[in-house]
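Here's the letter readout for the chains.
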Amino acid sequence: MLSWKEALSDRVSPELTREIDIYETQIELKRQGKIDDKIFAETRLRRGTYGQRYDNGQRDDGTGPKELAFPDRVATKGPETLWHAPGMQRIKIPFGGLTARQLEVLADLAEEYSDAICHVTTRQDIQLHFVHIEDTPDLMRRLAAEGITTREACGNSIRNVTACPLAGVCRDETFDVIPYAKAASRFLLGHPDCQDLGRKFKIAFSGCAENPCGLVSMHDLGFIARTRTIDGHEQRGFETYVGGGLGAVPYQAKLYDEFIPDSEILPLAQAIARVFARLGEKKNRARARMKFLLAKLGFEEFRRLVEEERKVLRADPAWTEFLASTSRAEDAPLVDTAGNREAGDPSRLEQWKRTNIYRQRQAGYVVATVTLPLGDATSWQMRKLADLARRYCGDSIRATVDQNILFRWVRDSDVPGLHAALEEIGLGEPGAGSIVDITACPGTDTCKLGIASSRGLAAELQERLVARSMQLNQAVRDLHIKISGCFNSCGQHHIADLGFYGVSRNVGGRTVPHFQVVLGGRWDRNGGAYGLAIGAVPSKRIPDVVDRMTDRFVRERSKEESFQDFCARIGKRELKNLLSDLMEVPAYDQDTSFYSDWRDPREFTLGDLGVGECAGEVVSLVEFSLAESERRAFEAQLLLEAGEIEAADHMAYSAMVEAARALVRVQNPNLRDDVEEVVREFRTRFYDTELFFDKYAGGRFAQFLLRRHEETDERYFNEERVRQLIEEASLFIEAAHACDARIASRGGVSPAPSAAVGGASVP
Amino acid sequence: MSLFRIGWKIYADVQGDLPLIDFIPVFHRWIRERTFDGPLLDVADYSHVHHGPGVLLAAYDANYCMDVGHGRLGLMWYNKRAREESSGQALARGVRRVLEVASRLEQEPELKGRLRFRASPLLAFANDRLLAPNDEAGWAALRPDLDAVAARLYPEGHRLERDAEERERLAATVWTDSHHTLEQLITRA
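Taken in sequence, the protein lines are chains D and B. Just so you know, we're using our numbering here: the first sequence kicks off at 1 and counts up by one. Just so you know, we're using our numbering here: the second sequence kicks off at 1001 and counts up by one.
There may be inaccurate statements among the hints.
[What the hints assert, rightly or not] To give a feel for the contact side, a few chain D residues facing chain B, derived at Cβ under 10 Å:
#, residue
1, 63
2, 86
3, 175
4, 374
5, 455
6, 459
7, 478
8, 599
It is worth saying that the hints were derived from the structure and are not from the lab. Since the structure is predicted, the reported quantities are computational estimates derived from the model, not experimental observations. Every residue gets a Cβ at the ideal spot worked out from N, C-alpha and C, and that includes glycine.
Start from the sequences, fold in the hints, and give me the full structure.
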């Protein structure tokens, strides 16, 4: 086999094949300089292909910024992002659900394209780093062959839908939310109403209100399972929250409705997405999340708009089709007993069982947590985990928001054997969900926005805490530490007992890495409260902060007082006093160690901060559609060269339809996905009004589309005519660009409300 | 396209205590001093991972790491970018690179006296499951090129031992019974 495309042709769905082929063409077009930077950046981001630190071609080596000598420093794959700089690939794993085979393919991809490490993120995704963009189409094909898409893993889109990893086996849940999370994930993926969002949008499902797994409070849209009884019949639904989010300014989600029937959650999500797309901030990235829209409109107005939007939605069978399968048990044991296997060290096993085993509601079964240090597993470990999953739990595997892996449906009797096997691959560490199980975002390791080394600090703290974990008081062991490299909160520091996020301070003309200390956040109750920012402490003194805070907590805690209650009781002033001496930085000539970060000997600088791609690029729907029409025109040329005359004609025609559609939609956001309607509307709004007319050519370019639309003669499909049509399509697209620019220069038309973007199909 | 995702690992012995994180400042300095041709990009610390890539120096065209795979410390190098070269040439270039970098590491003042690489055995691998699957056909295709490189390195004779675990990438250990120094191998590579 010469290519993965050929090798996997019978294992990837036609839809995904087409999607990845299109992406590959876009890469080629970008390489040829035929796609604008901004548009290409958003295009790749929507496929999970992110930039990575230093991809602007510059890196501070500790003595000042230096240019990285890439073979070509001109070609780019986005604004200030060099083509040759490797990047990060995010792989969306809805609700963290993984199969053994998927673990294996992730292992292979990490090894061949990345650095042999699979990193579990705080949104149940998997990330690979140091990936070259040319490798991404094959990487996506190999994932697609195992049922995984990276589509909309980044960019201004609906991000990975998360859910309790215990759903289906949880002792406290109202019902299993996985069928709903799955349905939401499928329904919203690529949905036309979700293509013009001003910012990312996050959704979570939780099976109960009390436990933390779903972290609903920090999501744009969160669902907590509820039931009610009407006329003797139990009805399923969700307590629904909107407008939560962490970031620099954390917002607790607001209760939208105490009970949304399960048949209504998808249309509600769709209606909210439409309101967010229409009215959300598009220019100021820092104010573009839905929480800001909600604050700006006020809750009542927001709700009114959503309800109005809901009323005008065209009914979609997908809203309820999935309900037929929700009452069936999603989960069941997938393997027979794994058979006898010798247990390992009994005391290690006992420790591990205390923290890493959760008794399922189904008698005789448990969930085992595989603690991944800093969320990392090697390719070799991933393959071994796949083997163990097949033996002990089947495909009931979950990636968790605290960066671990769960094996569900493990038989009680198999626990010793499983632990012994995990020990053999270095994954038998106890401490899941405890103070040693630290969550950290990538920070300065790979993130363009990272200020301080969250992973360096996490590794350091973990080493120190593990070394004395047996001496730790139980109340301390139960605490959570979460670390973000900057205020954007990917490490979820707001909801930790001890949270830290990277900042810096200038000391004597030098920049010193610090972490802002955030105490008393609430991990339970679905991330029910955010912590108090106490002050910034030099990075190198954060271990002392942990020691001092935990010592004081143990010493002065009253009975069963929680850490949150303890912090609230002693107050922010006293907490600050407690840490105030740790906030001081020795002069450079006294101790230089404070002037570099954990596990990075370079003198600290903020000079490596790049432009974040987390927010995606603000690309209007018109720009996006015009780029799509250009791609189709290009593809028409390729088809013609391959001798596929009729297909080339259709492609060129569809390129013009797409360009027309881009313009019409600005004026008519409710334009349907129908070629007849697109052309009719184009004629009425742009041809008859002469809005599309060129100063010199008049309506000639518009006629290219109108004439082809009316063409029915089969003799039409000859090579010469089709070649001409492709030329005409290019001219039509240019004219569409010019028309869009003219409209914009006159003050434009108000941003389009949510509208279909999927692309009208040529009949 | 010829196989270019080629890698090598040379095993190391450690005298005394040498934590993996001690390689971090060395790799950072190499970036600063532009020690090798082509851009060296960054250092990734994976010392917390069991039997993993240890400490990794990411370059534009390859990864270098003080790898602890299978519990054995060694310098691993693997190529990530295609060049105008045959797979045999890629193998030969790779082994030269790993030997040179190993020799360089031995000389680093921060590590000196604590790290010594073994001239045998060497691990060679193809990091491409499409062009070089770990099966008989993949092995038959790779073996002649690998034999040729090994024959140059170890003129007195060598033997190849393929890793038969099919899910792992195609890999083989190159053994010799005779004694060699790193410097000798570098001159022959």
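Using 10 Å as the Cβ threshold, decide whether residue 374 of chain D counts as touching chain B.
holds, 6 Å
Is the hint on residue 86 of chain D kept, meaning its closest Cβ partner in chain B is under 10 Å away?
Hint holds; residue 86 of chain D Cβ to chain B Cβ min 7 Å, cut 10 Å.
Interface hint status, residue 599 of chain D versus chain B (Cβ within 10 Å):
holds, 5 Å
With 10 Å as the cut and Cβ atoms as the points, is residue 175 of chain D at the interface with chain B?
Constraint on residue 175 of chain D not satisfied, violated at 38 Å.
At a threshold of 10 Å, is the proposed contact between residue 459 of chain D and chain B supported by beta-carbon distances?
Holds, about 5 Å.
Taking 10 Å as the limit, does the beta-carbon of residue 455 of chain D come near enough to a beta-carbon in chain B?
Status holds, d = 7 Å.
If you take the shortest Cβ to Cβ gap from residue 63 of chain D to chain B, is it below 10 Å?
With Cβ-Cβ at 7 Å, under 10 Å, it holds.
Was the hint right that residue 478 of chain D lines chain B, CB cutoff 10 Å?
Hint on residue 478 of chain D: violated, closest Cβ of chain B at ~22 Å, above 10 Å.
Violated hints, in rising order: 3, 7; the structure is consistent with all others.
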